[in-house]
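> Each chain, letter by letter, is given below.
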Amino acid sequence: MRGVASPSLGRRSLLSGVGRTIALAGVGAVVPAVFRPASAMAMGADEARHLLSRTGFGPTPADIADVQGLDYTAAVERLLGKWRPEALTAPPGWINLTPPQAREEIERFREQRAEKGKPKAASDPAPAAAPGGGVPAKPLANANPRQERARELRNWWVEEMLVTDQPFVERMVLFWHNHFTSSLQKVTFTPAVYRQNLLFRRHALGNFATLLRAVAKDPAMLLYLDGAQNKAGQPNENFARELLELFTLGEGHYSEADIKAAARAFTGWGIDRETGAFQVHPALHDKGEKTFFGRTGTFTGDDILSMILEKPGVAEWITGKLWREFVSLKPDEGEIKRLAAVFREARYEMKPLLRALFLTPAFRDQANRGGLIKSPIELVVGTVRLLGLPVPEKTRLVRALQSIGQVPFDPPNVKGWPGGEAWITTNTLLMRQQILRRIVEATTVAPMGGPMTMAPAKPGRRTDRREQTGGREEVMMEPEQTPVEGRSLRSAGSSARLGPTLAGLDAETLQRALLPVPPQLPLETGMAAGDVVARLLLDPGYQLK
Amino acid sequence: MLRRDFLQVSAGLAVALATPQALAQGGTSAAKAAQRTAEPGSPRWDRILVLVELKGANDGLNTVIPFADPLYAKLRGPLAIARDRVVPLDQRVGLHPALKGLMEGWKERDLAVVQGVGYPYPNRSHFRSIEIWDTASAASQTLSEGWLAQAFNGASRPAGRAIDAVVVDTNALPATGGDLRTIVMQDAESFIQQARAMRDGGAPAAANPALAHVMKVRGEIHAASLGLAERMRGAPAPAHAFATDPFSHQLALATRILLAKVPVVAIKVALGGFDTHARQLETHERLLTQLGEGLAMFRRNLIAAGLWKDVLVMTYSEFGRRVKPNASAGTDHGTAAPHFMMGGLVKGGLHGAYPSLADLQDGDLKHSVDFRDLYATVARRWWGLNDTFGRRNPTMVDIIA
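As they're listed, the protein sequences go chains A and B. Residues 515 to 1059 (the numbering used here) are what the first sequence spells out, left to right. Residues 6 to 406 (the numbering used here) are what the second sequence spells out, left to right.
Since the hints were made in silico from the structure, they are not lab data. Be aware that one or more of the hints could be misleading.
Have a look at the derived ranges for each label pair, beta carbon to beta carbon [stated by the list, open to error]: (1) A/Thr810 with B/Arg291: 38 to 46 Å; (2) A/Gly802 with B/Ser195: 56 to 64 Å; (3) A/Asn658 with B/Gly368: 50 to 58 Å; (4) B/Ser161 with A/Gly766: 55 to 63 Å; (5) B/Glu109 with A/Phe807: 50 to 58 Å; (6) B/Leu231 with A/Gln916: 50 to 58 Å; (7) B/Pro75 with A/Ala855: 53 to 61 Å; (8) B/Ala164 with A/Thr1023: 45 to 53 Å.
Using 27 Å as the maximum straight-line C-alpha spacing, the simulated BS3-like pairs for lysine-lysine come out as follows [unchecked claim]: (9) B/Lys79 with A/Lys929; (10) B/Lys314 with A/Lys774; (11) A/Lys745 with B/Lys352; (12) A/Lys774 with A/Lys745; (13) A/Lys745 with B/Lys314; (14) B/Lys371 with A/Lys774; (15) B/Lys329 with A/Lys774; (16) A/Lys700 with B/Lys329; (17) A/Lys844 with A/Lys774; (18) B/Lys371 with A/Lys801.
Quick reminder that beta carbons are idealized off the backbone N, C-alpha and C, glycines included.
Here chain B stands alone, though its shape is the one from the complex:
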């Protein structure tokens, strides 16, 4: 996908020297109110977002289950999770039993469940909808920059940073574009070893966009390898061992990067396989187990390392799934879904309203929280950045203490 403006990309290769002026606009009036979390105009570069993409569209209705609503069992039929298996969060909703690992955080009040996250005029194409989420666009709008890149556009970067984001997955779109320098890697050791062999390509003045892209990536590799190696070498290992599934492997790498204090603002991981059009129950249970166990282990490790307050975990997915099952014991593409936020500074509990099962639109749930409001909350309250992703008056979701 050609998502970038190449001129911009070449310009972004040099360490960004953009001034914070754009960010600080209106800063005088806002300055008083800004102290509570992070201050606009001086972003909190020390805070890290860990994005967890649930690829293929996670079935929100069977993730955070409105067990007390009789319509749930009625509409979900054979795919309904039995009430006595649901792990209750309150009188009305509870977690899928495979997510019981998340209950440690729930009890400690550092797990927030944001219910009914979606957007108006929902698109049910996987590819288009994840692009909408990744670029924080309206359904009718096509943007080329990822939302993290947008949020950090123009922010002055502290010295000594070679990379801004690490993607331990194949989809780097949220952190693509603008000034953001993103490294995609599956394994830190082989990255470092191989990067050393790659010479610095020099100035990518090429008019040919394909060549400019190759040269830019070479430059990123070269720059990233310089600092990463020594930090990773001296870093402690995670206190608790992760499981061996691929998702846990990704979380383990994310943990090592965090423990090594590699200065980045975002790390992205992903768990795939949620496109459960057929025989959903077993697949979904397996995936949620990996999700719940993996995140629980991640939490324990960061608490043990004293880093839990520096990290905000956020799940997202292109959409939820249709309320009624299809004939293949699966579910088709839907709309709104709940998402998880975790971290030492997270205000635990339920946020947003659970979409009504009695008030569906074309058989799908109506969203109660716009995902861009959630992004705007993260930008403002987590990093002290002012981007509102095209929302004129974003409703902040009160998830960060």
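The shape of chain A in the complex, shown without the other chains:
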């Protein structure tokens, strides 16, 4: 990604911004937003929508009303204010599973499957798929426990994204996941993946250097990039390479010899087979001299990390990535350098960098509104939050995410989701529209009693126990065999029942809240509110943030 540097947009004094923030802090808490008189400082609904949609998941009109009367810098300070370094959602039940228990569990499962697959009991541990002749394997009553844990873990995170009261922190957790990638496809010891997510939460708005050091010793990372297999005499370069190429510096700032030296320095960092925790194996560490970045010594992994963190390129790399995530796909090299200097001066503290990022003229530029494409998670989670839809069972949401290219805990490779324009292809755009149609339709099948109740789950399907509080199983978006395009927008929209998040609002307010750009499929006057929402959700502009 070598972008053409556009001319610097000029500089703004960070200090003056902070001063104003302090002066205005707390205004929003006193007067309800809708009644607050528009002061000269008030940013207005459009800029409020821009800030919230770039830093969260589909803000509701109420979310927008809540900050639109604030001074812009005060709203940024609110985002960066006190935050909770843990999740609200209760974790799955298996998080304390140990590696031996996990191995035992999978053995048991394989044995069961083998027995079921054969007419006679056999101690053969081979998978049941083996054509033993005779009776074919019956459908399994119990799913593979490993896959079941993976499913529960994805659902857990999606639930957290749906219920969180700090969407920006959640977006940063997602940012770190996409930076320090890991995948359930490779890391089959699910508790490690869960704990890595907690690590990202602890450091979401914290200190990058601290996070990097923790990630290097994180069991999920040691499994994902084969660090646990990296031994003296026969180094595995996987982690060392991605550490330099993707996590800290980017291509062109190191040599192949640096990668080899770093791999040797990290030898011996592994995992305790009994507990699954990080462990140093001194016997497997290469104690010899290494030459890294031109310096020679008997370096350890910690030394390598320190030497990397001394490079100014690290701050630029991370800043560039945040720029792409929150500001624009077009890097402004001058601004990125300036922000990276802020980051370095703050000794890798995230808040000063994020504050400076959201205060850049480029972020606030009106021409920048709607200039980024929503990720699948932003689209789906944002829409569900926007409509206030209850979704007791998350598996179908995860499937919807899969069809448009972003399953939490399963990035396509170590570089993460490429994002940007790549989110929208002929294939994914069709699927995105189909998902949005189903969500609109999900609001139309509600019985009179309770809004938006969906069809009951198929019997026998396991659902998250903790979510069955109402004693009923409910699912959303029962997949239809026939696509929904035969049904006109109007018929779906006019019977839509808008929940409290959108009910009672006029078309203009809805449009301002839902679209960052004027509609491409213009609204007609006199449309029912449900039609307006349906039309806005399916407008090309709704794909943007």
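Add chain B to chain A, keeping to what the hints say.
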């Protein structure tokens, strides 16, 4: 990845009306020599390339195996494929046993093995290196257009074509940019059904690049769905059933598109999972089985349909793997690797030189064929296009009869 110039993209939305002049430059002198395969200046739009990406970097050394070289067993140690399991192609090299399905084509002389394909100053990053291959760039150069888009830039398109390439995979970069109109789909039926519901978005005059992209994709969907539906409806089914793995599923869709005579110049499929840093033997064997069986079935189907001469299959991958194994019974990132070309007009046999195991560079193989020469060969000999992808005097690889 922001890879495109949006102005160009908007311009490309309209059916390209560019003249063939750029292509025909120097055409008078070249015209005499050009008749042998395809004629420069009038591209062979009827010929189709099927690109097969082996994602994650396929281990070339265990794909086409230099079994006669004692250094192979010595350097590969526990990962060496036993000599008696290798399927020999000649006295020196042979295929991994999992690729035995390819032997039908080898015997019929329509399978070419191009050995030692790579490029100078090899990059060992997956992402950067596949970008180098996809955009036909030099290692030191960053390009935004895919190599197929470059090759067809300025070529005048026959009437009645709504799309130029179908990607049955997620990486569309080789066919991205320029005038090329590329559709990404996993399943033809749902594509057609859903595309009908999408209205034509109208003119994408948006200054906002993100919006322009969405509008452009809508336009592509709309245009593609119009012709695709009727062609696919009347098309025959493949004569031989494909296996059920995802790669075979992709090949089955490619076959149906070909049998339906959907006019495209390229179809891309992919097989993933080749990044075998640990416990390589089983994984690699499984993947090569899918590759060999899938391509063998594809070949049989196209022969049965009488289309094998219209199709050129080409594999590629970001790089090969390190000659020596690592401690995890896997291999790290390497450099040059062999690739397969198949088709009714392919000159079967071994092409290029197998890189020497005695002359490694930092433990890696030195390439003998530059992949851009292979691309230039495909452009010139397959389609009659003149792009040489920045190579001043490309060495044509004699793979097309």
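> So which of those numbered hints doesn't the model satisfy?
Checked against the structure, the hints that fail are numbers 3, 4, 6, 9, 10, 11, 13, 17, 18, while the rest are satisfied.
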